[in-house]
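In UniProt numbering, the protein residues as written are 1 to 234.
Hints were generated in silico from the structure; no laboratory data involved.
Be careful, since some hints might not be right.
Label-pair ranges, simulated between beta-carbon atoms [said to hold, decoys possible]:
| # | residue 1 | residue 2 | range |
| --- | --- | --- | --- |
| 1 | F40 | V207 | 15 to 23 Å |
| 2 | G82 | E191 | 26 to 34 Å |
| 3 | C38 | E191 | 18 to 26 Å |
| 4 | F40 | R62 | 15 to 23 Å |
Dumping the calculated EDC-like pairs for lysine to aspartate or glutamate here, alpha-carbon to alpha-carbon at most 16 Å [said to hold, decoys possible]:
| # | residue 1 | residue 2 |
| --- | --- | --- |
| 5 | K110 | E133 |
| 6 | K183 | D112 |
| 7 | K110 | E77 |
Even glycine gets a Cβ: it sits at the ideal position worked out from N, Cα and C.
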Amino acid sequence: MVEQLLGQLARWHDGVISEVIITHNVPENGVNMGRLKCDFLVTELHNPRRMGFGANHNQAFRHCRSSHFCVLNPDIELLGPGVWRALLDASGDNPQACVYPPLMNVDGSKQDSEREVPTLSSLWRRHALRRQENRVDWVSAAFWLLPSDLFSRMGGFDEGYFMYCEDADFCLRLQLAGGELQKAGPPVVHEAARSSRRQPQRFVWHVNSLLRLWRQPVLNEYLRWTGALQGQRT
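Could you build the full structure based on these sequences and the hints that come with them?
Shown next as structure tokens:
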């Protein structure tokens, strides 16, 4: 999966990628670079122990030497050129934004990667009532691009989340700090596993992450802030 994505990056990097940092979170062989021709540097990090999603990306960021930092899942599939240039142009126009492309499922349908803040009521509407979410409070961190200094100012991901909700937490903090979420560019495919529904350990991580988010001041601050904004519009 990683080698497939690297091959796509090598073909369609639009001349803007200077380095790709790959984190091997479990013991495994490195990427076979002999079959790949890349115009950018590839750095591989091998963890001695398993780390969480946020911790892995914070670690990768410490190796970042470019003006922009990209969070990119290995299960992303690029469909052609133009993505990187569009994201970088959008980021240049709005340097306080976390920019992301539209995500599609493998069948071509729109992926539900743009979500409302995960409160009990919004989760009930989403899962029990099957209602479509009509507000974007946070975006899945499958594919983000943002200025490196912005990621640094935000303190990166909260490593208290092992997996799940670290992207929601980051998006809420970003907007409270005056930043934005901005969709740009052509769509990409995200082969989302949804494995928390089938694997007990991942379900536990998901529940623990939700409980942590609900206990954090950022959630109430964000709800008060969005409530105040809504009041100003009415």
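Those earlier numbered hints the structure runs against, lowest number first: 1 and 2
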